[in-house]
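Engineer: Here are the chains, one letter per residue:
Protein chains: 2
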Amino acid sequence: MNQAEGPKAPVFDTVAFIGIGLIGASLSLALKRHGLARRTLAMSRRQETLDTAMRLGIVDAVSTDIGEVVKDADLVMICVPVGVCGDVVAAAAPFLKAGAIVSDVGSVKCAVIRDVKPHLPAGVAFVPGHPLAGTEFSGPEAGFAELFDGRWTVLTPLPETPAEAVDKVAAMWRAVGSNVDGMDPEHHDQVLAITSHLPHLIAYTIVGTAADLATDIKQEVIKYSASGFRDFTRIAASDPVMWRDIFLNNREAVLGILQRFTEDLTAMQRAIRRGEGDTLEEHFARTRAIRRGIIDARQA
Amino acid sequence: MNQAEGPKAPVFDTVAFIGIGLIGASLSLALKRHGLARRTLAMSRRQETLDTAMRLGIVDAVSTDIGEVVKDADLVMICVPVGVCGDVVAAAAPFLKAGAIVSDVGSVKCAVIRDVKPHLPAGVAFVPGHPLAGTEFSGPEAGFAELFDGRWTVLTPLPETPAEAVDKVAAMWRAVGSNVDGMDPEHHDQVLAITSHLPHLIAYTIVGTAADLATDIKQEVIKYSASGFRDFTRIAASDPVMWRDIFLNNREAVLGILQRFTEDLTAMQRAIRRGEGDTLEEHFARTRAIRRGIIDARQA
Chain F
40 MNQAEGPKAP VFDTVAFIGI GLIGASLSLA LKRHGLARRT LAMSRRQETL
90 DTAMRLGIVD AVSTDIGEVV KDADLVMICV PVGVCGDVVA AAAPFLKAGA
140 IVSDVGSVKC AVIRDVKPHL PAGVAFVPGH PLAGTEFSGP EAGFAELFDG
190 RWTVLTPLPE TPAEAVDKVA AMWRAVGSNV DGMDPEHHDQ VLAITSHLPH
240 LIAYTIVGTA ADLATDIKQE VIKYSASGFR DFTRIAASDP VMWRDIFLNN
290 REAVLGILQR FTEDLTAMQR AIRRGEGDTL EEHFARTRAI RRGIIDARQA
Chain U
40 MNQAEGPKAP VFDTVAFIGI GLIGASLSLA LKRHGLARRT LAMSRRQETL
90 DTAMRLGIVD AVSTDIGEVV KDADLVMICV PVGVCGDVVA AAAPFLKAGA
140 IVSDVGSVKC AVIRDVKPHL PAGVAFVPGH PLAGTEFSGP EAGFAELFDG
190 RWTVLTPLPE TPAEAVDKVA AMWRAVGSNV DGMDPEHHDQ VLAITSHLPH
240 LIAYTIVGTA ADLATDIKQE VIKYSASGFR DFTRIAASDP VMWRDIFLNN
290 REAVLGILQR FTEDLTAMQR AIRRGEGDTL EEHFARTRAI RRGIIDARQA
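In order, the protein sequence lines correspond to chains F and U. Residue numbering for the first sequence follows my numbering, beginning at 40 and increasing consecutively. Residue numbering for the second sequence follows my numbering, beginning at 40 and increasing consecutively.
If you are wondering where the hints come from, they were derived from the structure by calculation, not from laboratory data. A portion of the hints provided could be inaccurate.
Which copy? The list can't say, so a pair holds if one copy fits it or any two copies do.
[Unchecked claim] For lysine to aspartate or glutamate, the following DMTMM-like pairs were computed, each having C-alpha atoms within a straight-line distance of at most 25 Å: (1) Lys-110 to Asp-52; (2) Lys-136 to Asp-111; (3) Lys-257 to Asp-270; (4) Lys-262 to Asp-220; (5) Lys-257 to Asp-223; (6) Lys-71 to Glu-199; (7) Lys-71 to Asp-251.
Could you build all of it, start to finish, from the sequences and the hints given here?
Structural biologist: Dropping the structure here:
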C-alpha cells in the first residue's frame, strides 16, 4: 500500500455514501474537489439530513431508498455508526452491482467485518477502512474537504479481498490528502482502544462527573474551563450514538486498557494521599517523552 | 473588583518577579507592552534562566540574590511552584519595603496562604492570585504578552488585605487583558480541582499508561494519536515540578473529586461490560450540554 502502488488519482464513476455525516460529507466534498468521482450519491434514513447534503452541494443526488443509491455505484462507502454496518450491507446487498467495492469508515474493525462479511454477495470486494480524522461536530453541515489532510487512514483488508480493490481505495484516500496504512483488524482495534476509545471514555466520564455537580459550582466549572477541563469537553461533544456503538463493539480491548488505566490512576491517587512527591514528579516527567514523540511524528 | 474600581492602568515603578517561567515572563512582557511598570526585575536560582530572560528582553535586570531584586519593588510577583512560595517569601521578607504588595500566581490558594502568611512583614500587603492561563510549555522562552487575553484571573484576598492593594493588582491583570474575579481560597481550590487539577491528573495517568506499553504498540499510539490521545499528551506535557506541588498542596479537594470520577468511570465500565447501550448513549448525550455552556461563555 505504499505510494508506488495503484493509480495516483482513481476516478470512480459513481460513489454511494450510506450515511452522510461528518466523515461521509467530508469525503464526498474531497472526492469532488479532486475530481475523483463523476458523481456522488447519498442515502440516509432521515430526509432532513439528505436535504442538508443537497442544499450544501455535498452530493449530486440523494434517496432514502438504499437500492436506488447503491445500484450503479462502483464504490459504496458505509459511513454509519459501527453497530448498524451489518444491517446496512444486508439491505444493500441485493442491489450491489458485480465488481462493486464496499468500504467503511468505522472506528472498530473486527465487529464490522464480523457483521458485514456474511452479507457480501459474490463479486463484491470489501475493503474495511478507518480514517483517523474527525472533529467534535456531527452531521453533513460539519463536513469539509480538508478533513483528511495529513491524517492517517488504516485499511484492514480480509485475506480474500482482491489487491486491486485495496489499492484503489488506498489510492483514493491518498488522493484526498490522507496517509494510508495497512493493519490486522485485531491490531487496529487494540491500538484504537488506546489512542481513541479510552480517551473518549475518560473525557465523557469527567464531563459527566462535572455535569452532576450542584448548579452553582457547575457554572464556575464552565467559566473557568480553560485551565484543562475545556479540552475534555471538546472530545466529549462527539456523536453519542457513534460512540455508544464503538464501546459496545470494541468491548474487550476497551475494558483491557481501561483496567490498566484504573490501576495506574489508583497508584497516582495513593501517591497523592501519601504525599509521595518523588513518585508524582517522576511520573509527570516521563510522560513528556511521549509528547515529544508526537511532535516529532508531526501529529501534534 | 468590577471595572469601575481602581485605576485602569496602574503604573508600578518596579515589579520584581521571583521565578521567571512561562507565567512570570508573560506577565513581565505584558507589563512592558502596556507601560504598566517602569522596570521589571527577575530572581531565579538558576543563572541560565536569568540569562535567557535578559537575552529575550523579558526583564530589565536580574539577580540570583532575592534581596537585590525585591528591595526596591512596589510589587513582588511570586511565580514559583506552589510548594516553595512560603520559603521564597520568608527569604524575601527582610528586604521588602514598607508599602510593597506581594502577589502570586499559584494554582492552589489555601496552601499558599497558609505558607506565606506567617512570613509577611507588617506594612506589606498580600494579594493571593491565580491567572487561569498557560500552555504546555515552560520557562521564560515560552512567555508571550498575550497569554492572559480574555482569560480569567482569580484573586483570593485575605480579610486583612487592604482594598487598595487588591484593586491595584486587579487593575493590573485587567490592563494585561485578563478578566478578574474574587473568590474564597477554599472555593477556588475546589473549583480548580475540577477544572484543572483532575484533568491534568487524568491526562498524566493515561499518557503514563501508554508509556508503559510495549515499544511497538507505543510507536503506533504516537503515530495514530490524532484520534483523541493527542489532546491528553498536550496537557500531560506541563511542568512536572509545578504539578507535583499542586497535587501535594490541594490534596483533599483533588482526592474528593477523583473519588467521584472513579465511581463514574466504574459505572461506565460496568455499562460497557454488560452491553448497556442506552446507559452509554444517555450519558454521552448529556455531556454535550456542558460543551455548549463553554462555547456560550466564550471559553471554547
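Engineer: Decide, hint by hint, whether the structure agrees.
Structural biologist: Do the hints match the structure? See the list:
Taking the shortest alpha-carbon separations for Lys-110 and Asp-52, only the intra-copy value of 12 Å comes in at or below 25 Å, while the best inter-copy value is 78 Å. In this homomeric assembly, Lys-136 and Asp-111 come within 25 Å of each other (Cα to Cα) only inside a single copy, at 7 Å, whereas the closest approach across copies is 84 Å. For the homomeric pair Lys-257 and Asp-270, the shortest alpha-carbon distances inside one copy (16 Å) and between copies (23 Å) are both at most 25 Å. In this assembly of identical chains, the alpha carbons of Lys-262 and Asp-220 lie at most 25 Å apart only when taken from different copies (11 Å versus 41 Å within one copy).
Proximity of Lys-257 to Asp-223 under the C-alpha cut-off of 25 Å is restricted to the inter-copy arrangement: shortest distance 16 Å between copies versus 44 Å within a copy. For the homomeric pair Lys-71 and Glu-199, neither the shortest alpha-carbon distance inside one copy (30 Å) nor that between copies (68 Å) is at most 25 Å. Proximity of Lys-71 to Asp-251 under the C-alpha cut-off of 25 Å is found in neither arrangement, the shortest distances being 45 Å within a copy and 43 Å between copies.
Hint compliance for this structure: hints 6 and 7 are not met, and every other hint is.
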